[in-house]
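**Student:** Listed below are the residues making up each chain.
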Amino acid sequence: MDLDALDIARWQFAITTVYHFLFVPITIGLSAMVAGYQTAWLRTGNEQWLRLTKFFGKLFLINFALGLVTGIVQEFQFGMNWSDYSRFVGDVFGAPLAVEGLLAFFLESTFLGLWIFGWDKLPRGLHAGCMWLVHLGTLASSWFILAANSWMQHPVGYRFNPETDRAELVDFWAVMFNEVQLVTFPHVIFAAYMTAGTFVLGVAAYLYMKKKHQADRPMYHRAIRIGAVVTLLAGIGVAVTGDLQGKVMTEVQPMKMAAAEGLYETSEGCAPFSVFTIGTPDGKEEKFAVTIPCLLSFLGTGSFDGTVEGINPLREQYVEEFGSDPTSKAFTEGDYTPIIPVTYWSFRFMMGLGFFAAAGAALILWLTRGGRTPGVRWLGTLGLSLPIATTLASSWGWIFTEMGRQPWVVFGLMTTESGVSPGVSTFEAATSLIVLTSLYAVLAVVEIKLLVTYIRKGADPFVEPPDVPVGGADDDRPLTFAY
Amino acid sequence: MELTTVWFALIAVLWVGYFCLEGFDFGVGMLLPVLARNETERRVMINTIGPVWDGNEVWVLVAGGATFAAFPEWYATLFSGFYLPLLLILVALIVRGLSFEYRHKRDETEWKARWDLAIIVGSVVPALLWGVAFANIVAGVPIDADKEFTGNLFTLLNPYGLLGGLVTLTLFAAHGAMFVALKTDGDIRHRARDLAVRIGGVAAVLAVLFLVWTQLKTGTTLTAVVFAVAALALVGGLVAARAGREGWAFVGTFATIGLAVIGLFLALFPDVMPSTTDPAYSLTTTNAAATAYTLKAMTWVAVVFTPIVLGYQAWTYWVFRKRISVHHIPTADLADASR
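Residue numbers (the working numbering), protein chains in the order written: chain R, 1 to 483; chain S, 484 to 822.
The hints are simulated quantities; they were obtained by calculation from the structure and are not laboratory data.
These figures come from a predicted structure and were not determined experimentally.
You may find that some hints are simply not true.
[Claimed, not checked] On the chain S side, residues computed to face chain R include the following (Cβ under 7 Å):
(1) 534
(2) 535
(3) 541
(4) 549
(5) 551
(6) 555
(7) 576
(8) 587
(9) 780
(10) 782
(11) 786
(12) 787
(13) 788
(14) 795
(15) 799
Note that beta-carbon positions come from the ideal geometry of N, C-alpha and C, so glycine has one too.
Using the sequences and the hints, build the whole thing.
**Tutor:** In C-alpha cells, the structure reads:
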C-alpha cells in the first residue's frame, strides 16, 4: 500500500466533500422557502411574494448548479480512490446510493428543469408544485445518503461473510432506519432549514439597509422576519436533534464522544464540558479552561450524573478487540484514537457558530418587531454573517463526525487506510487532487462573484407570469425564460 | 432469469438511456461553434436542451450507483482502473453543467465565450472518452488475480478503443444535429439537418468498422443481428433526414445508439470486465455481483420507480415539445434573460 496515495485520497475526500456540502444545505432549505413564497403568491396574489420567489429562486439556481456538478465527483470518488472500501461495503452501501439516484436525482433534476423553463409552459399551481417536488427530491436524497453514512458510523443490518471477505446486506430496513440515521437525518435537515433561513434573513437585511432599494423596504422587512423565524425554529430543531445525537453517539461510538471533549480518563458521573481550553495541542494538559460542570455527562447520557467513558480505557479496549490480526481490515498500526484537537475544536466551532447564528437571528427579530425600522447601521453586516456562520457550522459538523470516526471508515469493521485503492498511483491521486482543488477554487470565485452581483441587484420588478395550459399558449412570443 | 442477469440487463438499460439522451445534448454542445452563426442562434441551440440536459445526465449517476450496488467489484475495478479518463470526464461534466446555468448570467461577450468553450470542450471530451472506455471494457483490459486493473492510461488508448471513441463522438454529434433539426425552426433547422446527414455519413462508416471489428472479436449470432439493425437504423435515419422527416431521423440515430449499446452489452455478457491477462481473472456477472438479497431489494425498488421516472421524464419532453426559433429568444437584455 502506498501511504502517499492514501494521504492524498483522504485530503481529496475531505476537500471535495466539505466543498460539496457548502452548497447542499442552502439547496435543501432554500428550495422549500422558494416553493413557500411561490405558494404564498398563488394564495394571496400579493406580488411581493412572487418577486421574492424569483429573486431567491435565481440565487438558489446559482448555488444549486455548483452543488449538482460537485456531487458527481462524490459518487465517482468511492470507486476511484477507495476501491477496496467499495469492494468491501458495496453490497450494503451501494444500494442506498443507487436508490438515491433513481428516487431523488431524477426527481430533482427533472422538476427543476420544469420549474426553470416552465413559467410560460405550465399552469401556475403545477409550476409551483414542481419546486415542491424539487424539495422532496432533496429530502429523499438526504435520506439515502445519510442512511449510507450512518451505516459507516454504526453498521447494522449486515453480516460479515468470511468467504467473500466483505460485508453483506441482510436487512435493508435496518439500514434505512438505523438509530444513528433517525437522529442524523433530522439534524441535517433542520440545519439546512436554518442555513436557508439565515440566507434569506441575511440577504434581505443587506438589501433593506441599501438606499437604492428603499422603495422595497416593506418587502425586505417581511423577508427578514420570515428568515429569522425559520432560523430560530430550525435552530431549536438542530439543538434538540443534536442532543439526541449525542446520546446515540455515546452509546454506539463512545470514542467519538470522548474525543469531542478530549476526555482521557473515564468520568464516573458529572463529567464537565469545556467551552474553551488553552493547553497542549493533544489536549492532555490544560493551562486555562472555561468549563461547565456536569454538562458533558448530560450531553452524553441525559443525566448530570452519567458516566462518560474516556479515551484511554476505550483505546485499550479497541487494541485488545481489533489489534491482534495485522491482516484484518480492522487492524491499524497506530492506536484507535481520532486526532483529538480536530475533534475537540470542530465540535465547539460547530456549536458556537450555530448558537451565534441563532442569537443573531433572535436579535434581528427583536430589532424589527412590530414593523419597526432598526436604527442600527450594522444590520446588513450582521445579517450577511449569519448564513456564513450556519454554512461553516455544517462544515465543522461533518469534519467532527467524520474525523471522530477515525481510524475507521466503517466503525469497528474497516479502517480508512485499508479502504484505499491499491492500484492507484501517487501520481494519479495527486493529479486528481490538484486538478479538482484548483478547479474548485476557481469556481468558488466565480460563484461568489455571481452571487454578490445578483444579491446587489435585488429583486426585479413584478411581472405577471402568464397562466397557461400544459405545454404553453400557442403563440410565437419570446420565451418568458431562456438561457 | 438469474437476478445477476436481470441487473446486468438493467445496467445496460441505464447506459442505453444515458447515451441516447445525453448523447444528443453532448452533440448539441459540441456543434455550438459549427451550427450557430451568432449569439441568438447559440442561445436557440442551448435552449433546446436547457430544460432536459440535467435529467439526461442523471442516467449516468444512476448507472454508476446501480453498478456499485449490483456489481461492487465491477464498480471498484472500473473506477479505480480507468482513473485518469474518468477524472477528465468529471472535469468536463463539471464545467459543462455549470456553463448552462452561468453563461446567461452576465452580458459580456468574453464571459459568454468562455462558457461556450466550456460547453464545447465539456461535450467533446466525455463523448469521446465514454466510447474509449466502453470499447476497452468490451475488448478486455489487463486485470490481475486480485481484480485490480494493471494497465495505465496508454493501455486504453489502443486502436480499437480510439475507434470506439470516434464512433461515440461522431454518432453523438449527428444525434445532436438531428435534435437541433427537430427542435428548432428557421434557417438553423435546415443547416442542422444538412450537417446531421454529413456527420451521420462519417459516423456510419466508423460505426460499421467498429461494430464489424467487435463482431469479429467477441460477437455471437445475436450481436450480429443487433449490430446489423443498428446500422440499418442509422441509414434509415439519414435517409429520413434527407427527406426532411426530422422526427424519424432522430428516431433513427436514437435507435442506432441504443442498439449499439445493447449489442456491446450482449458481446460482453456474461463477463462484465474481461481480463486480457488471464480469462480466469475476468470479472463476470457472477463473481462481481452483490448478494441475492441486495439484488432482490434493489429489483423491487427498480420495478416500482423506474416506470414513474420514465413517465415524468417523458412528460417533460412533451411539455417542451415546441420548436424554438430565433424570435423566441428574449432580447439580450440581462434583466430579461435572468428573469
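**Student:** Indicate, hint by hint, whether the structure satisfies it.
**Tutor:** Verification of the hints:
A distance limit of 7 Å between C-beta atoms decides the matter here; for residue 534 of chain S the minimum to chain R is near 4 Å, and the interface restraint holds. Against a cut-off of 7 Å between C-beta atoms, the interface hint on residue 535 of chain S holds, since the closest Cβ of chain R lies about 6 Å away. Interface hint status for residue 541 of chain S: upheld, as the beta-carbon distance to the closest one in chain R is roughly 4 Å, under 7 Å. Contact between residue 549 of chain S and chain R, as hinted, is supported at the beta carbon level, the nearest pair being about 5 Å apart and thus within 7 Å.
Interface restraint check for residue 551 of chain S: the shortest CB-CB distance to chain R comes to about 4 Å, inside 7 Å, so the restraint holds. Satisfaction of the interface hint for residue 555 of chain S is found here, the shortest Cβ-Cβ separation to chain R being roughly 2 Å, below the 7 Å cut-off. A distance limit of 7 Å between C-beta atoms decides the matter here; for residue 576 of chain S the minimum to chain R is near 6 Å, and the interface restraint holds. Annotation: residue 587 of chain S was flagged as interfacial toward chain R, and the flag holds, the nearest CB pair being 5 Å apart, inside 7 Å.
For the restraint placing residue 780 of chain S at the interface with chain R, the shortest Cβ-Cβ distance is roughly 5 Å, inside the 7 Å limit, so the hint holds. Because the closest C-beta pair between residue 782 of chain S and chain R is about 11 Å apart, greater than 7 Å, the hint is violated. The criterion of a C-beta within 7 Å of any C-beta in chain R is not met by residue 786 of chain S, whose closest approach is roughly 11 Å, and the hint is violated. Because the closest C-beta pair between residue 787 of chain S and chain R is about 10 Å apart, greater than 7 Å, the hint is violated.
At a threshold of 7 Å, the smallest CB-CB gap from residue 788 of chain S to chain R is about 5 Å, leaving the interface hint in force. Evaluation of the residue 795 of chain S hint against chain R yields a held restraint, the C-beta minimum of about 6 Å falling below 7 Å. A cut of 7 Å between beta carbons decides the hint on residue 799 of chain S: the least distance to chain R is about 6 Å, and the hint holds.
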